[in-house]
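Asker: So the chains spell out like this:
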Amino acid sequence: MTGKGILIEGLSKRYGSGDTAVDALKKVDMQVAPGEVVGLIGPSGSGKTTLLKALGAVIEPTSGRMTLGGEVIYDDRWLIKDLRALRRDKIGFVFQAPYLIPFLNVTDNVALLPMLAGIPNAEARQRATELFQALDVEHRAKAMPSQLSGGEQQRVAIARGLVNRPPVILADEPTAPLDSERALAVIRILNDMARKLETAIIVVTHDEKIIPTFKRIYHIRDGVTYEEAGEGVLL
Amino acid sequence: MISLAGRDIMHAWGKFVFTGVGLGLLIGVTLSMAGIYRGMVDDGKVLLDNSGADLWVVQKDTLGPYAESSSIYEDTWRAVAGMRGVERVANVTYLTMQVRKGDRDVRAMVTGVTAGAPGTPGWPPYLVAGRQITRGHYEAVADIASGFSLGDRLRIRRNQYTVVGLTRRMVSSNGDPMVFIPLKDAQEAQFLKDNDAIHQQRRRTAANPAFNRPQVPGLLDAVIDSQSTNPYVNAILVQTASGHDDEEVAESIRRWQRLTVYTRSQMEEILLGKLIATSAKQIGMFLVILSIVSAAIVAFIIYTLTLGKIREIAVLKLIGTRNRTIAAMILQQAIALGAIGFVVGKITATLLMAPIFPKYVLLEPMDSVRGIIAVVVICVLSSIIAIRAALKVDPAEAIGG
Numbered sequence: 609m610t611g612k613g614i615l616i617e618g619l620s621k622r623y624g625s626g627d628t629a630v631d632a633l634k635k636v637d638m639q640v641a642p643g644e645v646v647g648l649i650g651p652s653g654s655g656k657t658t659l660l661k662a663l664g665a666v667i668e669p670t671s672g673r674m675t676l677g678g679e680v681i682y683d684d685r686w687l688i689k690d691l692r693a694l695r696r697d698k699i700g701f702v703f704q705a706p707y708l709i710p711f712l713n714v715t716d717n718v719a720l721l722p723m724l725a726g727i728p729n730a731e732a733r734q735r736a737t738e739l740f741q742a743l744d745v746e747h748r749a750k751a752m753p754s755q756l757s758g759g760e761q762q763r764v765a766i767a768r769g770l771v772n773r774p775p776v777i778l779a780d781e782p783t784a785p786l787d788s789e790r791a792l793a794v795i796r797i798l799n800d801m802a803r804k805l806e807t808a809i810i811v812v813t814h815d816e817k818i819i820p821t822f823k824r825i826y827h828i829r830d831g832v833t834y835e836e837a838g839e840g841v842l843l
Numbered sequence: 247m248i249s250l251a252g253r254d255i256m257h258a259w260g261k262f263v264f265t266g267v268g269l270g271l272l273i274g275v276t277l278s279m280a281g282i283y284r285g286m287v288d289d290g291k292v293l294l295d296n297s298g299a300d301l302w303v304v305q306k307d308t309l310g311p312y313a314e315s316s317s318i319y320e321d322t323w324r325a326v327a328g329m330r331g332v333e334r335v336a337n338v339t340y341l342t343m344q345v346r347k348g349d350r351d352v353r354a355m356v357t358g359v360t361a362g363a364p365g366t367p368g369w370p371p372y373l374v375a376g377r378q379i380t381r382g383h384y385e386a387v388a389d390i391a392s393g394f395s396l397g398d399r400l401r402i403r404r405n406q407y408t409v410v411g412l413t414r415r416m417v418s419s420n421g422d423p424m425v426f427i428p429l430k431d432a433q434e435a436q437f438l439k440d441n442d443a444i445h446q447q448r449r450r451t452a453a454n455p456a457f458n459r460p461q462v463p464g465l466l467d468a469v470i471d472s473q474s475t476n477p478y479v480n481a482i483l484v485q486t487a488s489g490h491d492d493e494e495v496a497e498s499i500r501r502w503q504r505l506t507v508y509t510r511s512q513m514e515e516i517l518l519g520k521l522i523a524t525s526a527k528q529i530g531m532f533l534v535i536l537s538i539v540s541a542a543i544v545a546f547i548i549y550t551l552t553l554g555k556i557r558e559i560a561v562l563k564l565i566g567t568r569n570r571t572i573a574a575m576i577l578q579q580a581i582a583l584g585a586i587g588f589v590v591g592k593i594t595a596t597l598l599m600a601p602i603f604p605k606y607v608l609l610e611p612m613d614s615v616r617g618i619i620a621v622v623v624i625c626v627l628s629s630i631i632a633i634r635a636a637l638k639v640d641p642a643e644a645i646g647g
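Going line by line, the protein sequences match chains Z and C.
Be aware that the first sequence starts at 609, since it is given in the numbering used here, and climbs by one per residue.
Be aware that the second sequence starts at 247, since it is given in the numbering used here, and climbs by one per residue.
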């Protein structure tokens, strides 16, 4: 591991205190190299979402150490003051539902992120257009989200996750609402983008269709992760 | 940077415009209420302006002739006219009553004016049609707001009057149109009784042994004569000579004639501070209530619109949008809603409400400026609840779980 990508060591998260305390994460160790896509699988209540929220810097872990894109962001406490800027610049999110902003067209949904980071409008829109070409949705660039199919919306959501060229992407059940063909297409896109942009991607999933596509899988159960080699078959 | 507020408004413009129109109708009512108050103040000032007087001489210790009844002898004017600094004087009577024309009647302030020429205190300063009163009896000049036309025959008490002239914006402090008639007719109208009442009064007087003495012939007739005439007027209007201070002339009349005299500013204070004070307070209370209702409506609408975007706000926060960007989006929407409401309200008040309102509605430009400032302030304050709700949204909600 070069230090880029994702490195998690001994991460824990406890909710509450005393007799009512719940250890959602007990000891999580993970590493994802740049350009790699790994799966994170576990039953309901296993701690998947808590781990995703901790990685996404929206909840504070209790202890451990996290390194994103070569920068240690957490070491028993946040080492980054502006977590909002951290999320904007270093982490891309892809959700189960696309959650596109309904009052912005496709281009602006994607270009908004670089604009928030202070990138000029023209350059932000250029970045969005390049991603649309790669994701094959450039013909819908001016459409409103409500005019897109489910697969198109999810591809736009992926473009939004990638547009700031973050070193890390966290994908939460990105294929859940899609049929097999579209689900595999999304995974293919994520793999392509990971390779092209040197992005480390964690895909949280229950989706049996896409589990065989991962070369490495992390299982999480009762707040503890276990690594397993995957099939890495991308049909 | 993309205007999130603008895009959201354009995306759901129908909902936004209809909400703005609803708010605008409420703002229209609020502006109209302010206009009614301004109209009342203007009516009071117009009444004073049109009287052409610098001083009002009234019954001692009264607030007459507009706020209280006032009676002074009709020949008092001679003594006042001889005072230093007095240019012109004229008796005047005011009587608010129903003036009949055919089978309908109009509430009007009947004003009795002395014979004279245009410029005489109490006379209408200008006409929009016809001529001034030239005969001693049974001619009238009416304000066009009364609905009368030239040549119309009016009935005031038992007498018929012909409308020979028309004026505009000659109204009482209540907004009733004025009808000018000769002073003698007005004095008669103030105290004229019906035939039965006159008969009864004469019978009672004749039955009183103090007035009906066999040894004093003519006493009963003299007493009855005195009962059937009215030697009183309500006030004497005074124009002061140039170079004389109104207050000094007023003080001189007070001292030597033992009458109460008001200057223009004092009379304005009586009209505005006492006569329409209660109405002004009522309108003020309505304005406060309407402002609170408007604020509540804006707050509710913006809060509801914000709650409908909770998921989007969570996503925006998760992807790194600053709190101030989200707050600005909500604030801009609230102000835009207020702006739509104000434009609709202004149009409603100016084009729909003011022309059909029975009272004079005066919409002053500065009131509109104050109105838009108040709307902006109300919208800003109303959006605070929604902004607080938006800022409390946890970005983790976008991830779910």
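Any given hint could be a false lead.
Some chain Z residues judged to face chain C by a derived CB distance under 10 Å, without partners named [claimed, not checked]:
(1) G664
(2) P710
(3) I825
The hints are simulated quantities; they were obtained by calculation from the structure and are not laboratory data.
Quick caveat: nothing in here was measured; it's all calculated off a predicted structure.
Glycine is no exception: its CB is placed at the ideal position from the N, C-alpha and C atoms.
Asker: Could you run down the list of hints and mark each one as holding or not?
Answerer: For each hint, the structure was consulted:
{"no.": "1", "hint": "G664", "result": "holds (6 Å)"}
{"no.": "2", "hint": "P710", "result": "holds (7 Å)"}
{"no.": "3", "hint": "I825", "result": "violated (20 Å)"}
Of the numbered hints listed earlier, the single one contradicted by the structure is hint 3.
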